[in-house]
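Listed here are the chains, written in short residue letters.
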Amino acid sequence: MEEFAALIDALIYTRSRNEKLRLIAEYLRAAPDPDRGYALAALTDGLDFKAVKSSTIRNLLKERVDPVLWTLSRDFVGDTAETASFLWPDPVGNIAPPPSVSEAVDALSAMTRANAMTELPRLLDRLDSAGRYAFFKLATGGMRVGVSSRLAKVAFAQAFEVSVDDVEEYWHALAPPYAQLFAWAADGEDPPDTANMPLFKPFMLAHPLEETVVGLDDYAAEWKWDGIRVQLVHVAGETRVYSRSGDDISATFPELVDALTIPAVLDGELLVRGDVQGGDTGGAASFNALQQRLGRKTVSKKMLTESPAFVRLYDVLSLDGEDLRSLPWRDRRSRLESFIPRLPDTHFDLSQLVEAKDFEQLAHIREGTRDDAIEGLMLKRRDSPYVAGRKTGLWYKWKRDPLLIDCVLMYAQRGSGKRSSFYSDYTFGCWDGDPDAGAELLPVGKAYSGFTDAELKKLDKIVRQNTLNRFGPVREVERTLVFEVAFDSVHSSKRHKSGLAMRFPRIHRIRWDKPVHEADRIESLRALIRD
Amino acid sequence: MAAPFSWIRPDPHGVYVVPADAWIDPSKAVDRALVTHGHADHARGGHGQTVATPETLAIMDLRYNTREGATPVEYGETIRLKGGVDATYIPAGHVLGSAQILLEHAGERVVITGDYKRRADPTCPPFQVTPCDIFITEATFGLPLFTHPPIEEEMAKLLSRLEAYPDRCVLVGAYALGKAQRVIAELRAAGHSQPIYLHGAMEKMCRLYEEFGVDLGELRLVADHDKDDMRGAIVVSPPSALNDRWSRRLPDPITAMASGWMRVRQRARQRNVELPLVISDHADWNELTNTILEVDPHETWITHGREEALLRWHQLHQRRARALAMVGYEDEDD
Ligand SMILES: [Zn+2]
Ligand SMILES: [Zn+2]
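Which chain is which? The protein sequence lines are A and B, in order. Each residue of the first sequence is one higher than the last, beginning at 2 in this note's numbering. Each residue of the second sequence is one higher than the last, beginning at 135 in this note's numbering.
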């Protein structure tokens, strides 16, 4: 447990992604089995112990320390596990060595709500403060060390010099402590047998088109929908829904799990039904509506009826047990088209191709669209197989031009990591009326990208020289600078004073030349709402 | 005969000693001030007369240019104030020159600790337990979660990080009066003999410590050196400079901070600290409560800090205590 506790603490204080990868990889190489497998599961949120919850820890501590002192301490620290790790009395005298990660996991799995209060002290009395912290985090989940499950998998791949795509593919076949995964990666044994398992297959991704021009004989065009990219897998009677990062989100979308009953692996865009925008077969609500359903582990009946999910299919990777990934796109597409009628149309439809006589006409069609459910166009090479990752020349994404608006810089905040000495996060606003008649600026959004390093230095200087007020890490800046802000869409929002929320705002250009009173008004921004 | 202890009166601006017309650590300008130590929340300029140790007076002179009305008192020395009040200055172990003040009047004894700690500190003499009727204590780290680790452990963490990254430097944020010099002196005690680089704001205070006989080894100013000189070196700056533009002149610094608050992980994260060093010049929870048990006063008064928890501890131990709710005292570490 000491090595795991040291890893957790090191990760908490490390900002750099590379350094985090190095720390995890080093641990995974050095730690024994099955400790490292359980540690990996803890980092990827793969452990769940029913008997120990935050409230268990709270009750346990209140037996050992005065409840008033506990509450005052908990309020100061803001984290139950950490407070408990501090306040649990250090053991005195001769104590047994600390439990290993796997011993702790075994003990936690065997615990019941009834005996947790007597079993937990046996382990806690063998740990120091850092060990208790790691133990409590292990027991209750949610490590809060700034490591996504993707990052942990990349670290695993780096540790043993294997492909991260393979790791992704085998990952879901196995359960903690991933013995076969380590045997394969660390000891060169055969990879896990993945037939008959509803596994995630790494996505094929696209490059931005930018200045490239392609011929439509070689490339097919289809809409790129503004939902979330998902993969549906049905094998041996089981269905899974995976997000782009390979996370299993089946529990969030149970209606999709029930809707797919044919052995297949499908690639598509998850959208939520709505009648505002017209898709080709059935409308899709805006990304806002989808947002309501994301990140929930359980779904209410009300959500299921008010915002039902469906998938607009792009591709088929496997059908009736046959792996289609090596086929050219055009063959997969015709398989998909003939397969669609076998699926319930309540939950599936086909992403239509966009027909154009040439590239120029396609550009014209793309410019003409202002449907909020459309993010842009995809261009797919007609003869390309389905390959994991981003291979140059096969798929391109051609995003719709962003919306633009001129805003005034109002507040700036320090960035993090390499940018922590720069004011790099900007809040900007639009006028709530005629600025020459005393109108005021209302904040409409925040951006921290879209400028060069040289521009950042200049902006940092401007912020420092024009500071009106300081609120902690935030500086209020004199209204002198106009940003041309690009964004994908704008929605009404009760959370903001302006009543508006932008999606993906970024600095498009710094308008050094533009006087602030010529910046846009709130009403111009409001006119761009589509939902 | 007057009621017991009616000669001493807590006020939001400090403790007032009625017969002597004198204030302890007042947060406003007064005619006569008895000052425990040089930190800004205890020592302010503009008093008519300032009674303090020679070290504290020198620190105040450096900070406020207040030479006038300075009355030095050595450790262990007693001076007689107006109205038959005796004041004795006793080491508090907090920073250079820091003192507890023992007040005696009509057979009654009151100790005002100012800030204090119980750990050894190479830059000042240790706290002395002084029996008294009323013990007026600080409570900056007055929560049971605060237990400061031995400083040797924190020094070892710092030095091993330094060794692991010979091309970078470790930038240690440390309060300019006391913490910075203690960290440097402890590094020397741990065998680190390389030059240590200073932010400009640290220089004068370090020189003052040296004049009072605290050996800090070779110190250099960051401003006088190139990035490359500082690779593999320790740099000390005020906490406020840690993420400031100033730090851009350093070779890829690893950000450390020496403070008792670093015990709480999110506190360190909020300040972008990569290497938290739990080092404090204040008593931790065990030091506070053990000191009260040792001094065993009739009553404890708490000047500043997290007084709620310490009050609760008194209640649990059937001891008398009250919080004074002083204004203008703050946590100088941050
Ligand atoms: Zn102090
Ligand atoms: Zn203080």
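Derived by calculation from the structure, the hints in this document are not laboratory data. Note that the Cβ used here is the ideal one computed from N, Cα and C, for glycine as well. Each hint should be verified, as a subset may be incorrect.
[Stated by the list, open to error] Residues from chain A shown here face chain B by an in silico Cβ test under 10 Å; the list is partial:
(1) V66
(2) V69
(3) T81
(4) T84
(5) Y134
(6) T141
(7) G147
(8) R151
(9) L395
(10) Y397
(11) Y412
(12) R415
(13) F423
(14) D461
[As the list claims (entries may be wrong)] Using 20 Å as the maximum straight-line C-alpha spacing, the simulated DMTMM-like pairs for lysine to aspartate or glutamate come out as follows:
(15) A:K419 / B:D301
(16) A:K63 / B:E442
(17) A:K458 / B:E442
[Claimed, not checked] Output of the computed footprint for chain A on chain B, the stretches with three or more beta carbons under 8 Å from beta carbons of chain A:
(18) 376-385
(19) 398-409
(20) 431-444
Outcome of the hint check:
1. Given the 10 Å rule on beta carbons, the hint for V66 (chain A) holds: about 7 Å separates it from the nearest Cβ of chain B.
2. Hint status for V69 (chain A) relative to chain B: holds, with the closest Cβ pair at about 5 Å, below 10 Å.
3. Contact between T81 (chain A) and chain B, as hinted, is not supported at the beta carbon level, the nearest pair being about 12 Å apart and thus beyond 10 Å.
4. The closest approach between the C-beta of T84 (chain A) and any C-beta of chain B is roughly 6 Å, which is under the 10 Å cut-off, so the hint is satisfied.
5. Checking Y134 (chain A) against chain B: minimum C-beta separation of about 8 Å stays under 10 Å; hint holds.
6. For T141 (chain A), the interface hint is violated, since its Cβ never comes within 10 Å of a Cβ in chain B; the closest pair sits about 15 Å apart.
7. This hint holds: G147 (chain A) has a C-beta 9 Å from the nearest C-beta of chain B, less than the 10 Å allowed.
8. Evaluation of the R151 (chain A) hint against chain B yields a violated restraint, the C-beta minimum of about 21 Å exceeding 10 Å.
9. Annotation: L395 (chain A) was flagged as interfacial toward chain B, and the flag is violated, the nearest CB pair being 39 Å apart, outside 10 Å.
10. For Y397 (chain A), the suggested interface contact is broken, since its CB lies about 38 Å from the closest CB of chain B, more than 10 Å.
11. Taken as an interface hint, Y412 (chain A) does not check out: its beta carbon lies about 18 Å from the nearest beta carbon of chain B, beyond 10 Å.
12. Given the 10 Å rule on beta carbons, the hint for R415 (chain A) holds: about 7 Å separates it from the nearest Cβ of chain B.
13. A least Cβ separation of about 8 Å between F423 (chain A) and chain B falls short of the 10 Å threshold, and the interface hint therefore holds.
14. The closest approach between the C-beta of D461 (chain A) and any C-beta of chain B is roughly 8 Å, which is under the 10 Å cut-off, so the hint is satisfied.
15. For the suggested pair K419 (chain A) and D301 (chain B), the alpha carbons sit about 17 Å apart, so the restraint of at most 20 Å is met.
16. Restraint check for K63 (chain A) and E442 (chain B): the C-alpha separation of about 18 Å stays at or below 20 Å, so the hint holds.
17. Under the criterion of a C-alpha separation no larger than 20 Å, the hint pairing K458 (chain A) with E442 (chain B) is inconsistent with the structure, at around 46 Å.
18. Note: the region 376-385 of chain B has 5 residues with beta-carbon separation from chain A under 8 Å; the three-residue rule is met and the coverage holds.
19. Restraint check on the region 398-409 of chain B versus chain A: 9 residues with Cβ-Cβ distances below 8 Å, three needed, restraint holds.
20. Chain A is given as covering the region 431-444 of chain B, and this holds because 3 residues of the stretch bring a CB closer than 8 Å to a CB of that chain, at least three being needed.
Checked against the numbered hints above, the structure breaks hints 3, 6, 8, 9, 10, 11 and 17 and satisfies the rest.
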